[in-house]
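Peer 1: So you can see what is in the structure, the chains are spelled out below.
Number of protein chains: 2
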Amino acid sequence: MTARILVVDDIQTNRRLLEGRLSAEYFEVATAASGEDCLRLAREFAPDLILLDVMMPGMNGYDVCRRLKGDAATAHIPVVMITALDQREERLSGLQAGADEFLTKPVDDVALFARVRSLLRLKLVMDELRQRQERVAEGEAPPAHEPAPEGSAQVVVAAGDDRTAQRLAAKLPSYVKARAFGDPAAATAAAREGADMVLIDLTSAKFDGLRVVARIRSEAASRNIPILAVIDADNAQAMVRALDMGVNDVVCRPIDAGEIAARTATQLRRKRYADQLRDRLDESLEMAFTDALTGLPNRRYVMARLREGLEGLDRDGEAVSVAVLDIDRFKQINDTYGHQAGDRVLQGMAERMGAALRAADVAGRFGGEEFLIVMRGADEAAALEAAERVRAALEARPFILRETGEMLTVTLSAGVAQAAPGETAEALIARADAALYEAKAAGRNRVMADRKKAA
Amino acid sequence: MTARILVVDDIQTNRRLLEGRLSAEYFEVATAASGEDCLRLAREFAPDLILLDVMMPGMNGYDVCRRLKGDAATAHIPVVMITALDQREERLSGLQAGADEFLTKPVDDVALFARVRSLLRLKLVMDELRQRQERVAEGEAPPAHEPAPEGSAQVVVAAGDDRTAQRLAAKLPSYVKARAFGDPAAATAAAREGADMVLIDLTSAKFDGLRVVARIRSEAASRNIPILAVIDADNAQAMVRALDMGVNDVVCRPIDAGEIAARTATQLRRKRYADQLRDRLDESLEMAFTDALTGLPNRRYVMARLREGLEGLDRDGEAVSVAVLDIDRFKQINDTYGHQAGDRVLQGMAERMGAALRAADVAGRFGGEEFLIVMRGADEAAALEAAERVRAALEARPFILRETGEMLTVTLSAGVAQAAPGETAEALIARADAALYEAKAAGRNRVMADRKKAA
Chain B
1 MTARILVVDD IQTNRRLLEG RLSAEYFEVA TAASGEDCLR LAREFAPDLI LLDVMMPGMN
61 GYDVCRRLKG DAATAHIPVV MITALDQREE RLSGLQAGAD EFLTKPVDDV ALFARVRSLL
121 RLKLVMDELR QRQERVAEGE APPAHEPAPE GSAQVVVAAG DDRTAQRLAA KLPSYVKARA
181 FGDPAAATAA AREGADMVLI DLTSAKFDGL RVVARIRSEA ASRNIPILAV IDADNAQAMV
241 RALDMGVNDV VCRPIDAGEI AARTATQLRR KRYADQLRDR LDESLEMAFT DALTGLPNRR
301 YVMARLREGL EGLDRDGEAV SVAVLDIDRF KQINDTYGHQ AGDRVLQGMA ERMGAALRAA
361 DVAGRFGGEE FLIVMRGADE AAALEAAERV RAALEARPFI LRETGEMLTV TLSAGVAQAA
421 PGETAEALIA RADAALYEAK AAGRNRVMAD RKKAA
Chain E
1001 MTARILVVDD IQTNRRLLEG RLSAEYFEVA TAASGEDCLR LAREFAPDLI LLDVMMPGMN
1061 GYDVCRRLKG DAATAHIPVV MITALDQREE RLSGLQAGAD EFLTKPVDDV ALFARVRSLL
1121 RLKLVMDELR QRQERVAEGE APPAHEPAPE GSAQVVVAAG DDRTAQRLAA KLPSYVKARA
1181 FGDPAAATAA AREGADMVLI DLTSAKFDGL RVVARIRSEA ASRNIPILAV IDADNAQAMV
1241 RALDMGVNDV VCRPIDAGEI AARTATQLRR KRYADQLRDR LDESLEMAFT DALTGLPNRR
1301 YVMARLREGL EGLDRDGEAV SVAVLDIDRF KQINDTYGHQ AGDRVLQGMA ERMGAALRAA
1361 DVAGRFGGEE FLIVMRGADE AAALEAAERV RAALEARPFI LRETGEMLTV TLSAGVAQAA
1421 PGETAEALIA RADAALYEAK AAGRNRVMAD RKKAA
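If you're matching them up, the sequences are chains B and E in order. Per this note's numbering: the first sequence = residues 1 to 455. Per this note's numbering: the second sequence = residues 1001 to 1455.
The following block holds chain B by itself, in its conformation from the complex:
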C-alpha cells in the first residue's frame, strides 16, 4: 500500500533521513521545514498522512496539530507526532492536541510502517465515503475533529479472566460505560450487539486476544468498532502484529490512566466521525428514494421494485400485480380547504395505505395525488382485495380539517392489473391506468380490474 506522506521537521538532516527511508519504500514524500509550511502543504499536497516533529521554533508541533484538526479541509488527515523524548507529558499533550499517534526518535521503521499501514487502511475507506458526500454537498459532511464525546460511550473490555478485565476497565476514563468480560465468546458477542470501542488485553498467556480481534473484525456487525489493545512495553513485534490484524491503536503496560484516556478519546472521536459520515450518506441516499411530503417511497423506488417483480415473474413465474390509486376530486379539496389540507390528506392516505397492506407490498407516491402499489405473489383477485382494503380504510376515517373543524370524507378510485409474462412495467401501469379511468367514469370511490388483460 502506497501513500502520500508529508514530513515536517525544522532540521534538514531529519527531513532528508525520513524522506529517504519513506521514499525507498515507495511512498510519495513532501517535506515542510516549519509549521506554516506544513499547514500550506496539508492543503496543497493533500497528504494521506503527516509525520510531525514536536519541537520546532515558531509554531510548535502541538499548535500545528491543533490547527490541522481544527480545519475542515485537513481534519481528516492522520497525524503522527514525533518527539525526541519519550515522556508521559509529551505523549499526552500530543494526543490531546488531536494527534492520531505518537512515535519517539529515532523512529523505528517497523513500528512506523505498521502504523502507517493501519492508518492508511482506515483512510482509504473514509476517503471513499467523504468523496461521495462532498461531490454533492459541500458543507454537509460532519466535522472531522470534535472534542471527545462525554457521557454515553459503551466500551467492551476483553481479557483472559474476569479480574484482569475489571482492572483494565477501571483504568478507563469515568465518562465511559465499560463492560468487562473474562470470556472471549462473551466479549465478541457484546461487541456484536454494539459498542463504541473494544479494549483488549493482548498480554495474557491465558487467552488468544488476536483471535478475538479477528472475530470482531470479520463480522459485519462489529467490523467498524475501533479496537485499542494492551501490549507489553518491550514487545514491538506484538504491536506490529496487532496493528496489521486490524487493531487501531495500542497502549503499553504498565498502563497510564492519562494515556489510555487520551487514546480512548481519539478512537471514540474517530468512530463518531465515521458513524456520522455513514449516517449522513445513508440519509441522503434515502431521500433520493423517498417522497418528502408523505415519507413514502417515491416513483423511482417503486418502479425499481416493480421491475424486480417483473423479472421474478419471467424467471420463476411468481405472480405480480399493481394498483394505481388516485384520490377523488383532490383538486377540489385543495381549492376549497387550501394546500395544507391537501397535504394532510396525502399524508393521511399514506398512513391508511400502510395499515391496510401486507409488509411485502410496496406502496409509493407516484406523483401528485396518485399512488402505486406493487404486489409480488398477488394475482388479480388478491390485488383487487388489497386495493379495496385501502379504499375502504380511506373512506371509513374522515379527515378533520383544522381550519374549520369540519369533517371531510375522502375517497379514492383505483385500477388493478396483473402482469403477463414478458410485459414491461410501463405497459402494466398503462393497463392499471385504464382500469382507474373506468373506475372514475363509473362514479369514483371504487376499485376496478383491467378488462382488456394483457395481449
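Quick caveat, the hints were computed from the structure, so don't treat them as lab data. Worth double-checking, as some hints may not be accurate.
[Claimed, not checked] BS3-like cross-link-like pairs, simulated, lysine-lysine; straight-line CA separation at most 27 Å:
1) B:K440 to B:K331
2) B:K123 to E:K1271
3) E:K1123 to B:K271
4) B:K331 to E:K1440
Please arrange chain E on chain B, whose structure you already have, making use of the hints.
Peer 2: Coordinates of chain E only, in the frame set by chain B:
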C-alpha cells in the same frame, strides 16, 4: 487484516490443511466439501474470499465459479481457484469462468496471503459503497459480473523503453486501445488523464516500475485504475511486493496472449463495476439535492448553501442576500393550460434564471412555483439587480404552449433581503417573503426589497 474465508475442496485432508494454515493466521474459516455446499455457504457465511478447488466430482470449480459470479448476492466475492496442474488451459478456463485469481497446488503461503491481502483491500472499499447503496435500494446496484466490455477500453502500457512498451501493447487483446510509453513520467501523466487499466513492466533493469505504481496509486486522479504488472516467472518475491504495493494482478514472462487477455478482461470488468457503483451512488446522492422537474437544486440544498453564506457573514463579514421569486398567477396557468404547461413554465423559469445569474449565485426551487436565490458577496442593491434581471428575462421571452400554439407571457414577483450579522436563515427568508408579499400587493411583475430591514 483479517477476513472470512471459505475453503472449498472435496478432499477432507486438503480442507483441513488450508483451514489450519489460514486459521493460524487468524482468518475466520468455513469449509465446503462440494460445489453445492459452496453456493449455499457463499450466501450464509458471507465470506470475504473463496478458495475454490477446480477438480471436484459433481459440479466442478469452473461451474461453481460461474454460478457464484452469475448470482447478484455472491458476484462481488473474490474467487481464487486452486488446481493441481499449472496448465495454460486450466488457468484460462478459470479466469474465463470469472475467477479473480488462480493458484497452483501446493499453495505457497506467501503468494496466497499476498493475494488475499490485495483482494481484501479492494473489497473493503467496495463493501462500504455497496452497503450504502443496498441499504436504500436493493436491486439498484449494478451487476457485479458482466461479460468483459468490448470496444473502448483505454490501456496505458508502461515499460523502460519504447520498444518494450510497444511489444507489450501488442500482446493485449485487439479490442483494447493501448498507448505505449517508454518514459515513466509520460505513463503516469497518461494514467492521470484517464485510463481503464495500466499494464506495467516490472522486469526491466532500466526503470523502477514500482515507483510508477506508487505514483499512480498515490494520486487522486489515478488511484482507482487497476494495474496489471508483468513479472518474471521465477520471482515470487517480486509478485508479493507488487501486490502489496497496490498492483491488482500479475502476469508472468514469457507472456501468453490468452492469459493476458483473460486477466485484462477481469480487471476491466472489476473497474467497470466499481465505476458504476460510484456513479450510481453519486447519482442517487445528487437526486437527494435536486428537484426532479427543473433539475435545479432543491430546498434542502439551497438552505445548506444559505447557512454557509450566513456563517461566512458572521466570520468574515462577507455580505449575503437572498431573493424569493414567485411566478405570478401560476395556478391560473395550470388551470387554463393544464399541468404539463405549468411544468414547462417551471422548467423555462429554471433556464432563464440560469442564464441571468452569476455562476457564484445558487438558485433553487423552493417548492411549488417558488424559487430561492442565495447570493454571496451581494448587498441589497446587487441582489435587487440580479432579481430584476431574472424578472426581465422571464417577461421578455413568452412561452409557446404546444396544445394551442398560443403565446403566453409569464411574469414573476420577487422579494429581496440582505442578511444582518447573526440573522438566521429562516428570519432572512421571512423578510424576503414579506417583500415578495408587497410586490404582489403592488400589482405583481416587480421586485421589491424588504422595507423593515433586520432588527
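Peer 1: A separate judgement is required for each hint: does it hold in the structure or not?
Peer 2: Do the hints match the structure? See the list:
no.	hint	result
1	B:K440 to B:K331	14 Å, holds
2	B:K123 to E:K1271	20 Å, holds
3	E:K1123 to B:K271	20 Å, holds
4	B:K331 to E:K1440	24 Å, holds
Of the numbered hints listed earlier, not one is contradicted by the structure.
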